[in-house]
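Chemist: Below are the chains, spelled out letter by letter.
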Amino acid sequence: MSEYIAHEHDVLIIGAGGAGLRAAIEVSAAGGKVAVISKSLLGKAHTVMAEGGVAAAMGNVDDRDSWRVHFADTMRGGQYLSNWRMAEVHAKEAPARVRELEAWGALFDRTSDGRILQRNFGGHRYPRLAHVGDRTGLEMIRTLQDHGIHLGLDVFMEHTVVTLLKDGERIAGAFGYDRERGRFHLFRAKAVVLATGGIGRAYKITSNSWEYTGDGHSLAYHAGAALMDMEFVQFHPTGMIWPPSVRGILVTEGVRGEGGVLRNRNGERFMFKDIPPLYANQTADTEEEGWRYTQGDKNAKRPPELLTRDHVARCIRHEVREGRGSPHGGVFLDIAWIKERLPHAAEYIKKKLPSMYHQFKQLADIDITQEPMEVGPTTHYMMGGVKVDADSQMSDVAGLFAAGECAAGLHGANRLGGNSLSDLLVFGKRAGEYATAYAKENSLGAVNTDELESAEKWALQPFERKGSDNPYAVQHTLQDVMQERVGIVRQEQEMLQALERIRELKAASDRVSVDGNREYNAGWHTALDLHSLLTVSEIVTRAALERKESRGAHFRDDFPAKDEQYGGCNVVVRKGAGGEMHLTREPIPPMRDDLQQIVQEMK
Amino acid sequence: MVLDAVHQIQAEQAGDLAVRWNCKAGKCGSCSAEINGMPKLMCMTRLNTLPLERPVTVEPMKAFPHMRDLVTDVSWNYGLKKRIPKFQPRQPDASDGTWRIAQEDVERVQEFRKCIECFLCQDVCHVLRDHHMHEQFIGPRFLVYAAALEMHPLDVGDRVESLRKDFGIGLCNITKCCTKVCPENITITDNAIVPLKERVVDRFFDPLSNLFRVFSNSKT
Numbered sequence: 001m002s003e004y005i006a007h008e009h010d011v012l013i014i015g016a017g018g019a020g021l022r023a024a025i026e027v028s029a030a031g032g033k034v035a036v037i038s039k040s041l042l043g044k045a046h047t048v049m050a051e052g053g054v055a056a057a058m059g060n061v062d063d064r065d066s067w068r069v070h071f072a073d074t075m076r077g078g079q080y081l082s083n084w085r086m087a088e089v090h091a092k093e094a095p096a097r098v099r100e101l102e103a104w105g106a107l108f109d110r111t112s113d114g115r116i117l118q119r120n121f122g123g124h125r126y127p128r129l130a131h132v133g134d135r136t137g138l139e140m141i142r143t144l145q146d147h148g149i150h151l152g153l154d155v156f157m158e159h160t161v162v163t164l165l166k167d168g169e170r171i172a173g174a175f176g177y178d179r180e181r182g183r184f185h186l187f188r189a190k191a192v193v194l195a196t197g198g199i200g201r202a203y204k205i206t207s208n209s210w211e212y213t214g215d216g217h218s219l220a221y222h223a224g225a226a227l228m229d230m231e232f233v234q235f236h237p238t239g240m241i242w243p244p245s246v247r248g249i250l251v252t253e254g255v256r257g258e259g260g261v262l263r264n265r266n267g268e269r270f271m272f273k274d275i276p277p278l279y280a281n282q283t284a285d286t287e288e289e290g291w292r293y294t295q296g297d298k299n300a301k302r303p304p305e306l307l308t309r310d311h312v313a314r315c316i317r318h319e320v321r322e323g324r325g326s327p328h329g330g331v332f333l334d335i336a337w338i339k340e341r342l343p344h345a346a347e348y349i350k351k352k353l354p355s356m357y358h359q360f361k362q363l364a365d366i367d368i369t370q371e372p373m374e375v376g377p378t379t380h381y382m383m384g385g386v387k388v389d390a391d392s393q394m395s396d397v398a399g400l401f402a403a404g405e406c407a408a409g410l411h412g413a414n415r416l417g418g419n420s421l422s423d424l425l426v427f428g429k430r431a432g433e434y435a436t437a438y439a440k441e442n443s444l445g446a447v448n449t450d451e452l453e454s455a456e457k458w459a460l461q462p463f464e465r466k467g468s469d470n471p472y473a474v475q476h477t478l479q480d481v482m483q484e485r486v487g488i489v490r491q492e493q494e495m496l497q498a499l500e501r502i503r504e505l506k507a508a509s510d511r512v513s514v515d516g517n518r519e520y521n522a523g524w525h526t527a528l529d530l531h532s533l534l535t536v537s538e539i540v541t542r543a544a545l546e547r548k549e550s551r552g553a554h555f556r557d558d559f560p561a562k563d564e565q566y567g568g569c570n571v572v573v574r575k576g577a578g579g580e581m582h583l584t585r586e587p588i589p590p591m592r593d594d595l596q597q598i599v600q601e602m603k
Numbered sequence: 604m605v606l607d608a609v610h611q612i613q614a615e616q617a618g619d620l621a622v623r624w625n626c627k628a629g630k631c632g633s634c635s636a637e638i639n640g641m642p643k644l645m646c647m648t649r650l651n652t653l654p655l656e657r658p659v660t661v662e663p664m665k666a667f668p669h670m671r672d673l674v675t676d677v678s679w680n681y682g683l684k685k686r687i688p689k690f691q692p693r694q695p696d697a698s699d700g701t702w703r704i705a706q707e708d709v710e711r712v713q714e715f716r717k718c719i720e721c722f723l724c725q726d727v728c729h730v731l732r733d734h735h736m737h738e739q740f741i742g743p744r745f746l747v748y749a750a751a752l753e754m755h756p757l758d759v760g761d762r763v764e765s766l767r768k769d770f771g772i773g774l775c776n777i778t779k780c781c782t783k784v785c786p787e788n789i790t791i792t793d794n795a796i797v798p799l800k801e802r803v804v805d806r807f808f809d810p811l812s813n814l815f816r817v818f819s820n821s822k823t
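Note that the protein sequences, when read in sequence, are chains A and B. The numbering used here numbers the first residue of the first sequence as 1 and each following residue consecutively. The numbering used here numbers the first residue of the second sequence as 604 and each following residue consecutively.
Extracted from the complex, chain A is given alone in its bound form:
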């Protein structure tokens, strides 16, 4: 007989980052009873790490900007694989979502006439990112958190969901445990919103914390929802690489936005050597022009350092492979050089990039106002995720919604910087709104107690085994496999080997044993997370095998060019009737004429 604590809500939100909190606020505002499950403490989610800003075409700095330009930039960045309706909704609604944050207490940097200041960022045609120095994510999550706590949300901190529950074809709730005591909890709800973020922990070098094990992706997949675009993993071009303990930690794109340049060991600005045709007429012709762009010259084109992340990451990898890298296997990112151009450069850098200054000074003993940083690509963001309806964010499973990083559609083959914070707000709100509507029309689904019992039994197995496999070791091995074989540059043989290794690691994960008891036992939590990590790793690998071309963040050594037969479709993954992974290529519906016209105009 299973023992658990039962809770009932209208809407259950799994995840307490930007998307989860924004959804919860929406449910609460509409009068719904809402629970938020947070794997960590409240306010510690990865949103806190976002530095550059939130993209919204407010046109405060350059009035040529509009939702149309933002839409076209997002579609181009996503290599036209994005769900165009989501890209449209996102571009139209982002400005209102940002202004709403201000009404809730967020303070953004200002223009000289007192409006919200916007900065340049990779792939965005005009200065578009509302920001607060380089700690925009902290400002955002704190604003949502502080606003939300006064709305009567039930927050379950340090709880983890192990399975979703269904009543026939619709969602009925979730089952999980609390970290503190290891007790099980049944969360019954009329609607469930997944807002669990990414999958970064599947890779060795990542900017993501321990939480990002693809829980939402895996929960949705096992509940029968379709996942899409899972081959598209974004490697942020600039992560710290030295010393080893900080490897993977993000260095904001804002450094390049403020004039920072990339150089190889010969001091060459190698980004000028490889400019993709899609961006050729938007990229600076000279170093001089690139500098003017970063200083707000509206007639200058952007420097090649601000090309899309996928491209910059591959160029860095190329320099390192060709033996032109920095001493620790990266390249140099130099912002100190601007002292040649600006009188008080050191103060300027400290003011514009305070967290970066602090981060390098404390973690690496480097003064970025005086010397260059060493950087290299780091696993950063998952474009793929739960396939959702563009307007409501509902998945294929009735009553199951997804928003933010764990949902797919907005970013297509590659996400633009700044579009994730706006994604969280726009689609977090929508998921909350539509989940509330669903909850109003439906009653609580029935829960099968046998299912709870088997979930509990499964979760407790690691304590009963006396095997020798260590959960940390299995996780580390998987991270090595994914990093080496399903990383920035991929090819068929290596990915087939990865699948074989994942199969072995699955078997190993069924043998892992843990010491101690159920109270705050990190080994046990790691053992349970392996299930999600292995599920998403296999999905990423299979989707990457399926797409036999190179596009956006997905680069195949054996198919280095784009192939039009893949250009019009998304790779969709579903769990088959016999538990096997079922992949299909699904054609993208033709774009509405008016949107098509915008894309043509902005080419």
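Please note: incorrect hints may appear among the correct ones.
Claimed, not checked - Below, a list of computed lysine-lysine pairs in the DSS-like style, where the Cα atoms sit at most 27 Å apart:
#1 A/K351 - B/K779
#2 A/K361 - B/K768
#3 A/K361 - A/K351
Simulated from the structure, these hints should not be mistaken for laboratory data.
Put chain B on the given structure of chain A with help from the hints.
Modeler: Only chain B this time, still in chain A's reference frame:
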């Protein structure tokens, strides 16, 4: 970093070791602990800054109930925040519902808004740590939070009376221990607490006699 050492112990020797962490970059405030007796973030404390000829001690924060290993129950902090009256903006300045704010006014409160809620300041505060006055006093973190609201350029709320009556601002005797341990280098005492004390004084006390009190307390 100390956190890497803790992780290595966890992976190789004590699989069930309880520790909180997230960002590893001093931005989330999860991995607070007392390292060789000093309240610090484990992810930002380099081992080579510590004397390694003797064992390094890593202990949980002492001002909160112990849960397990390095993890403490910090839920009291989350409950406190709900008691502080929330942000109340003035009417929008423009017809489109937006406000006009000068950059200087944004910068004035930026310092307080940098707080990562690591609660090290709460941990080191004598009023909480030694005198256990958790009922009467909200601690440095929430005085900074109240200051961020009180000095917010758009806020029209009034928390001055609550600061005195409900939040115990008078219990702070300005020893500045909180300021010393803040990993975000927020000048907690001078920039947040003292100005709030002044507001309380201006409203409730005779200014001259209180000036005397501030000076006599600052010696302790």
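Chemist: For each hint, tell me whether it holds in the structure or not.
Modeler: Results of checking the hints against the structure:
1. With a CA separation close to 26 Å, the supplied pair A/K351 and B/K779 stays within the 27 Å bound.
2. For the hint pairing A/K361 with B/K768, the CA-to-CA distance comes to about 42 Å; that exceeds 27 Å, so the pair is violated.
3. For the given pair, A/K361 sits about 15 Å from A/K351 by alpha-carbon distance, which is consistent with the 27 Å threshold.
Taken one by one, the earlier hints fail for this structure only at number 2.
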